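Enquirer: Produce the complete structure using the sequences and hints provided.
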Amino acid sequence: VKIEQDLIQRLSQLSQLQLSQEEEQWYSEEIGKILGYVELLERFQTDDVQEFDHEKTSFFRDDFEAKSEVITKVLSQAPSTEQSMFVVPKVLGTE
Amino acid sequence: MTKDKSYLAKVKSVKDIARDVGSFSVDPSFFVKESMNIIEKHNDVLNCVVSIDKNSIESQLKILEEKLNKGVKLPLAGVPVIVKDNICTSDFPTTACSKMLQGFYPTQDAFVVNELKHSGCIIVGKANCDEFAMGNSNENSFFGPVSNPWNISKVSGGSSGGSAVAVASGMVPLTLGSDTGGSIRQPASLCGVVGLKPTYGHVSRRGLIAYASSLDQIGPLGQKVEDVALAMEIIGCHDPLDSTCVDENERRGIQKRFQKRGKIGVIKEFFDKGINSDISEEIGNQIQNLKSLGYQVETISIPLLEAALAAYYIIATAEASSNLARYDGVRYGYRTKESVRNLDQLYRKSRSEGFSSEVKKRIMLGTFVLSHGYFEAYYDKARKVRKNIQSQFYRLFNEFDFLIGPTSPVTAFDKGKTLEDSLASYLLDVCTISVNLAGLPAISIPVGLDRKGLPIGLQVIGQPFDESSLVSIAEKIEKKAEFSRHFN
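Those sequence lines, one after another, are chains U and W. Each number in our numbering comes from the position in the first sequence (counting from 1) with 79 added on. Each number in our numbering comes from the position in the second sequence (counting from 1) with 31 added on.
To be clear, the hints were calculated from the coordinates, so they are not data collected in a lab. These figures come from a predicted structure and were not determined experimentally. Ideal Cβ positions, reconstructed from N, Cα and C, are used throughout, including at glycine. A hint or two may mislead.
What the simulated footprint calls covered on chain W by chain U, stretch by stretch (three residues with Cβ under 8 Å from a Cβ of chain U suffice, anywhere in the stretch; the number is not a length) [said to hold, decoys possible]: (1) 127 to 138; (2) 344 to 354; (3) 373 to 385; (4) 397 to 409.
Facing chain W, according to a computed beta carbon distance under 8 Å, are these residues of chain U, among others [stated by the list, open to error]: (5) L90; (6) L93; (7) Y106; (8) E109; (9) L120; (10) K146; (11) V149; (12) K152; (13) V153; (14) Q156; (15) P158; (16) M164; (17) F165.
Straight-line Cα separation of at most 20 Å, EDC-like style, residue types lysine to aspartate or glutamate; simulated pairs [to be verified]: (18) W/K415 <-> U/E118; (19) W/K392 <-> U/E102; (20) W/K392 <-> U/E83; (21) W/K64 <-> W/D47; (22) W/K418 <-> U/E121; (23) U/K112 <-> U/D85; (24) W/K418 <-> U/D126; (25) W/K392 <-> U/E108.
Expert: Structure, rendered in structure tokens:
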């Protein structure tokens, strides 16, 4: 299966990944190979499959109140913080 | 070829360790120290352990001693355990062997780690694995490949390669791995140890770094079936905080739908093209053994299995693309060192630098199969095929107690081989993947060696939530095969 350049660019964008031209080429080939292989699924009839189990069941449990003291621990894992907040680059006003 | 067995060592059973420690016949730290010695001696070559924390071990031992002194009975007292690096441990880094998570300390232990600690285990380290459990040779790890103790030029298998090798080399009697498409059973097979993949929903996934949530299960590896069974009892209790974890009542209900008839089915498709002839021969011997134990053995065919691998790579990557979206370089994990102008660039650069090419490939493939215009043809089709595979297995279990075949079509192969052709390496998962799609329990038991002296594993697939019958037939097979004689 041939993956065109604009498709691989769209996929990398949706996946929040940045690829070099060389990488685009490599991923196109690799993903193309796998998509070529999975085409065999077409041979298997699935018209009779209807409902999925997980769509029939929902899982709920009761809420419970508990004290959480993990904020410092959570923040200690972040690459950059200020007070109790995560620091990120400018979100608005950039291209 | 000379048979160098210097990296293989027989371990004492978990029950014996717990008895010795619990009865104060030895110091509570005795087996942990032994374990540390072997790790120190062999890990440079085997590379199966990626982190150790002596302070954590000390504090765990202190808690253990206090409990023992108070007379608390612990089923796994003083048993050293190594846990796969994609399972959260608050006092050891948990990285899923990815650059993305270097130095990451989770705020909590995984449910299974908690259960092991409560039973008296001492977590001594974290096991190497393929990055985010994506791979079957343990060569796709930020920490480098794991070596197979049977022949160090060979791979350990994966993705739980470190967990399998830590057990085979006698570093610890018990490890935890995770299995999404064979990641416990295949390395167990390639390293000559026992590996159990529980029924989907039997073991809590809380604290397991998600790869493909509808397929992932945590399970134990050990040298003996008995040890693996004991660990399963401990980690298999219900966790209300994992909504896919099935409670005891429901498990019993599902189990009751199936009966035992003394019949075993041999899956013909597992012996198709590409299987090593030594393996098919050895599995043939095992079939004879099972017949001599009184089982009626029949060969069966499941033509639909041809579709399993394709369905798996669509479903698993779709789920991975969603699960791995959380790594953004903001709240934890790797953040690019390059200067960025906006948030989008921060995400993109951090993710591109933090993930390996294999992980990126799966994320993009998963994004593709879920995207508008392709969803029905790929993802929807794959989950329908999956449903049919599951129904077919369930129908077979109305007639058969167990289904068997090899765990892997090959024994341990040379390092570097899977990196050359990724699609060919995916095909090596042909015997294990359908079990995950159907959510069934399965165990790999070492039963013999090929002509190169490398281990061969027999896979037994059981009825849903009937791990206890699976373990009991595995013990019979183990006894007949006498595989432990191959260890020093």
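Enquirer: If any of the earlier hints don't hold here, list their numbers in rising order.
Expert: 10, 16
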